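Protein chains: 2
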Amino acid sequence: MMTSANYELTISRLLNAPRSAVWQAWSDPKQLAKWWCPRPWTTEVRGFDLRPGGVFYTLMRGPDGDTSDNPGVFLEILPQERIVFTSSLLEGWRPATPWLAMTAIVTMEDEAKSTRYTARVLHKDEEDQRKHEEMGFHEGWGICIEQLGELALELALDTQVLRR
Amino acid sequence: MMTSANYELTISRLLNAPRSAVWQAWSDPKQLAKWWCPRPWTTEVRGFDLRPGGVFYTLMRGPDGDTSDNPGVFLEILPQERIVFTSSLLEGWRPATPWLAMTAIVTMEDEAKSTRYTARVLHKDEEDQRKHEEMGFHEGWGICIEQLGELALELALDTQVLRR
Numbered sequence: 001m002m003t004s005a006n007y008e009l010t011i012s013r014l015l016n017a018p019r020s021a022v023w024q025a026w027s028d029p030k031q032l033a034k035w036w037c038p039r040p041w042t043t044e045v046r047g048f049d050l051r052p053g054g055v056f057y058t059l060m061r062g063p064d065g066d067t068s069d070n071p072g073v074f075l076e077i078l079p080q081e082r083i084v085f086t087s088s089l090l091e092g093w094r095p096a097t098p099w100l101a102m103t104a105i106v107t108m109e110d111e112a113k114s115t116r117y118t119a120r121v122l123h124k125d126e127e128d129q130r131k132h133e134e135m136g137f138h139e140g141w142g143i144c145i146e147q148l149g150e151l152a153l154e155l156a157l158d159t160q161v162l163r164r
Numbered sequence: 165m166m167t168s169a170n171y172e173l174t175i176s177r178l179l180n181a182p183r184s185a186v187w188q189a190w191s192d193p194k195q196l197a198k199w200w201c202p203r204p205w206t207t208e209v210r211g212f213d214l215r216p217g218g219v220f221y222t223l224m225r226g227p228d229g230d231t232s233d234n235p236g237v238f239l240e241i242l243p244q245e246r247i248v249f250t251s252s253l254l255e256g257w258r259p260a261t262p263w264l265a266m267t268a269i270v271t272m273e274d275e276a277k278s279t280r281y282t283a284r285v286l287h288k289d290e291e292d293q294r295k296h297e298e299m300g301f302h303e304g305w306g307i308c309i310e311q312l313g314e315l316a317l318e319l320a321l322d323t324q325v326l327r328r
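Going down the list, the protein sequences come from chains A and B.
Under the numbering used here, the first residue of the first sequence carries the number 1, and numbering increases by one thereafter.
Under the numbering used here, the first residue of the second sequence carries the number 165, and numbering increases by one thereafter.
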């Protein structure tokens, strides 16, 4: 593993869907719940207020009853371009005591007729960066981003059908 | 001490200066250094980038060589209205390991011909809230805000003199 000044893990995928559809799948909590964690885990969106200081709270449930509780807050929103959120703060920016402190900077860019989707995840130290990587960061986030791409493509096709 | 859902400490003062001058004393790091900590302590502004995700880093020095090191980041900026910053994140929103996790929400409002200046400071739990209060939150922040008011009044009078 490479370390960096930001104790950063990065993942990037080219998604076969237009940016507007990727945005739709991210910005609507009903859609987000469909791709946010690797199936067969499911996501309950407990809070979703897409503005700086607004709550972003997901609870994930595994097939064997395991759960992952992830309260957090949105920090910056640029529609169809960038979403920043962190587990280090809660709704209204109150300091949190997260089980894993991280900030994610998600970007969406046009690339050919597809969308380049990149998530940079920043940690407070090398230990947390390593812990997150060993938990399966690349595989886990990779599966979710692929699920996002599939859903975004469906949404884009639905829109095309409706427009015909 | 009252506790609240936000583990919040609040301080408010009516400053005898226009909001534009209070903003000038806050938004210019050269001016901020003059009032940021109770004299005879001094402030070195090590980083000041007034935008969401921009560094806000002060180092304070006491007359006996004591120091207080306070890296952090700005979260929201509404000119002449609101400044939000936290010690829970660093420049670029990277998670931090602060000695005291807090988020401050500073607001400035017109009140008669003066400025109502309010700082709400949020903590992660009651223990941190109490620790901050016992460190002398109300006295310390109170002195600084009064220093801010005096400087803002000077800046406002200087501007008036220049305009004559």
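Bear in mind the hints are in silico, worked out from the structure with no lab data behind them.
Since the model is a prediction, treat every value here as computed from it, not as a measurement.
We treat Cβ as the ideally placed atom computed from N, Cα and C, and that holds for glycine.
You may find that some hints are simply not true.
[To be verified] A short, non-exhaustive set of chain B residues, derived as facing chain A with CB atoms under 8 Å: (1) Ala265; (2) Thr267; (3) Lys288; (4) Thr323.
[Said to hold, decoys possible] Label pairs and their in silico Cβ distance ranges: (5) A:Asp28 / B:Pro227: 30 to 36 Å; (6) B:Ser191 / A:Lys30: 39 to 45 Å; (7) A:Lys30 / B:Asp233: 24 to 30 Å; (8) A:Gly47 / B:Gly304: 43 to 49 Å; (9) B:Ser176 / A:Gly47: 26 to 32 Å; (10) A:Pro63 / B:Gly229: 58 to 64 Å.
Status of each hint after checking the structure:
1. Ala265: Nearest chain A Cβ about 4 Å off; hint holds.
2. Thr267: 4 Å, holds
3. Lys288: 4 Å, holds
4. Thr323: With a closest approach of 32 Å, the B:Thr323 hint is violated.
5. A:Asp28 / B:Pro227: 30 to 36 Å: 57 Å, violated
6. B:Ser191 / A:Lys30: 39 to 45 Å: Holds, since B:Ser191 and A:Lys30 (Cβ atoms, about 41 Å apart) stay within the stated range.
7. A:Lys30 / B:Asp233: 24 to 30 Å: The hint (24 to 30 Å, Cβ to Cβ) is violated, given that A:Lys30 and B:Asp233 are roughly 45 Å apart.
8. A:Gly47 / B:Gly304: 43 to 49 Å: 34 Å, violated
9. B:Ser176 / A:Gly47: 26 to 32 Å: 29 Å, holds
10. A:Pro63 / B:Gly229: 58 to 64 Å: 59 Å, holds
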